[in-house]
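First residue of the sequence shown: 1, per the working numbering; consecutive thereafter.
Derived by calculation from the structure, the hints in this document are not laboratory data.
Note that the structure is a prediction, hence the values are computed from the model and not measured.
The beta-carbon is built from N, C-alpha and C at its ideal position, and this holds for glycine as well.
Some hints could be false.
[Said to hold, decoys possible] If you anchor each label on the Cβ, the simulated ranges turn out as follows:
(1) Val-173 <-> Ser-120: 12 to 22 Å
(2) Pro-135 <-> Asp-73: 18 to 28 Å
(3) Gln-75 <-> Ala-121: 35 to 45 Å
[Unchecked claim] Straight-line C-alpha distance at most 25 Å; calculated SDA-like pairs for lysine to any residue:
(4) Lys-211 <-> Ala-179
(5) Lys-79 <-> Ala-155
(6) Lys-176 <-> Ser-108
(7) Lys-211 <-> Arg-97
(8) Lys-212 <-> Gln-75
(9) Lys-211 <-> Lys-176
(10) Lys-211 <-> Ala-145
(11) Lys-79 <-> Pro-220
(12) Lys-79 <-> Ile-141
(13) Lys-79 <-> Thr-105
(14) Lys-212 <-> Glu-93
(15) Lys-79 <-> Thr-190
(16) Lys-119 <-> Thr-150
(17) Lys-176 <-> Thr-98
(18) Lys-79 <-> Gln-193
(19) Lys-212 <-> Thr-151
(20) Lys-212 <-> Ala-156
(21) Lys-212 <-> Thr-103
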Amino acid sequence: MRRSQSLGGAAAVLGCIVFAACGSSARNGTAPGSTRPARSTTSGSRSSSSTTTTTTGVNPNAPELNAAGDIPDNQVFVKYTPRTATYSVEVPEGWARTDSGATTTFASHFNSIHISATKSAAAPTVTTARTTEIPTLQHDIDGFALGNVTTVSRAAGVAVLVTYGANSAPDPVTGKRVALDVERYEFWRTGTQVTLTLSAPHGADNVDPWKKVTESFAWPA
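Build out the structure end to end from the sequences listed, making use of the hints.
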């Protein structure tokens with residue numbers, strides 16, 4: 001008899017548990033045995049903390065870093081002497097020549113040789129280049145980035161060499177600009193300074209051609 005009461009009590013307890021579960025499901029609007037999709041707990045934070053992605057486009061005015069500029073190994077060089085006969089120098093044959101006052105420029109694409117002759121009472125030095133000329137170059141040249149200031153020996157004598165990076169002028173047809181490597185050689189004799197500025201696209205291998213040009217520079221006999 002006691003055993004029957006125990007079983008009956010257990011059944012009653014089990015019934016209450018089932019009833020409670022059913023009642024809870026009913027209150028929550030779901031049928032017994034069904035699964036209600038969980039309510040998102042992040043929807044509010046997602047809307048209030050949306051992520052913004054910024055895409056940086058390519059600047060069309062930025063200089064191209066790796067434009068082809070190697071001077072061919074079979075390039076022919078010819079001697080150039082200005083009308084004033086202040087100096088002579090060998091330059092690549094076929095390059096376009098432009099004269100502007102005491103400055104002559106030979107150019108092909110983004111390669112160029114600028115030659116200027118000026119009066120100067122004293123020979124240039126590494127010190128005068130750093131204190132006088134470099135500040136002017138920094139002011140006048142777009143993208144100027146100083147490399148080094150040294151002296152080098154050439155057939156015509158010792159020259160001050162200033163190396164730097166710069167941005168080219170826009171191409172008159174395409175408007176494209178390139179990053180340049182520049183070598184500026186300053187020769188001096190008896191009150192005259194001749195400056196050879198050799199420019200090529202960044203990374204171009206023009207060591208031998210530029211050496212040929214600067215070694216060919218000569219003062220009149």
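Going down the list of hints, with the structure as the test:
In this structure the supplied range 12 to 22 Å is violated for Val-173 paired with Ser-120, their Cβ-Cβ distance being about 37 Å. For Pro-135 paired with Asp-73, a C-beta distance near 38 Å fails the hint of 18 to 28 Å. As the Cβ distance of Gln-75 to Ala-121 is approximately 37 Å, the hint placing it in 35 to 45 Å holds. Restraint check for Lys-211 and Ala-179: the C-alpha separation of about 21 Å stays at or below 25 Å, so the hint holds.
Our distance criterion of 25 Å between C-alpha atoms is met by Lys-79 and Ala-155, whose separation comes to about 15 Å. Our distance criterion of 25 Å between C-alpha atoms is met by Lys-176 and Ser-108, whose separation comes to about 15 Å. Our distance criterion of 25 Å between C-alpha atoms is met by Lys-211 and Arg-97, whose separation comes to about 20 Å. Simply put, Lys-212 and Gln-75 have alpha-carbon atoms about 11 Å apart, close enough for the 25 Å limit, and the pair holds.
Taken as a hint, the Lys-211 and Lys-176 pair is broken in the structure, with Cα atoms around 28 Å apart against an allowance of 25 Å. Distance restraint check for Lys-211 and Ala-145: the Cα-Cα separation of roughly 22 Å lies within the 25 Å cut-off, and the hinted pair is therefore satisfied. Note on Lys-79 and Pro-220: the hinted pairing holds, with a Cα-Cα distance of about 13 Å set against a maximum of 25 Å. For the hint pairing Lys-79 with Ile-141, the CA-to-CA distance comes to about 29 Å; that exceeds 25 Å, so the pair is violated.
Taking the CA atoms of Lys-79 and Thr-105, the gap is near 14 Å; set against the 25 Å cutoff, the hint holds. Using a Cα cut-off of 25 Å, the hinted pair Lys-212 and Glu-93 holds, with the two alpha carbons roughly 13 Å apart. With a C-alpha separation of about 23 Å, the suggested pair Lys-79 and Thr-190 falls inside the 25 Å cut-off, and the hint holds. Restraint check for Lys-119 and Thr-150: satisfied, since their Cα atoms lie roughly 22 Å apart, inside the 25 Å limit.
Restraint check for Lys-176 and Thr-98: the C-alpha separation of about 21 Å stays at or below 25 Å, so the hint holds. Taking the CA atoms of Lys-79 and Gln-193, the gap is about 19 Å. The hint holds against a cut of 25 Å. Between the alpha carbons of Lys-212 and Thr-151 the distance comes to roughly 17 Å, so the proposed pair stays at or under 25 Å and holds. Between Lys-212 and Ala-156, the direct Cα distance comes to roughly 13 Å. Compliance with the 25 Å bound is thereby established for this hinted pair.
In summary, the hint linking Lys-212 to Thr-103 is supported, as the alpha carbons are separated by about 20 Å, within the 25 Å threshold.
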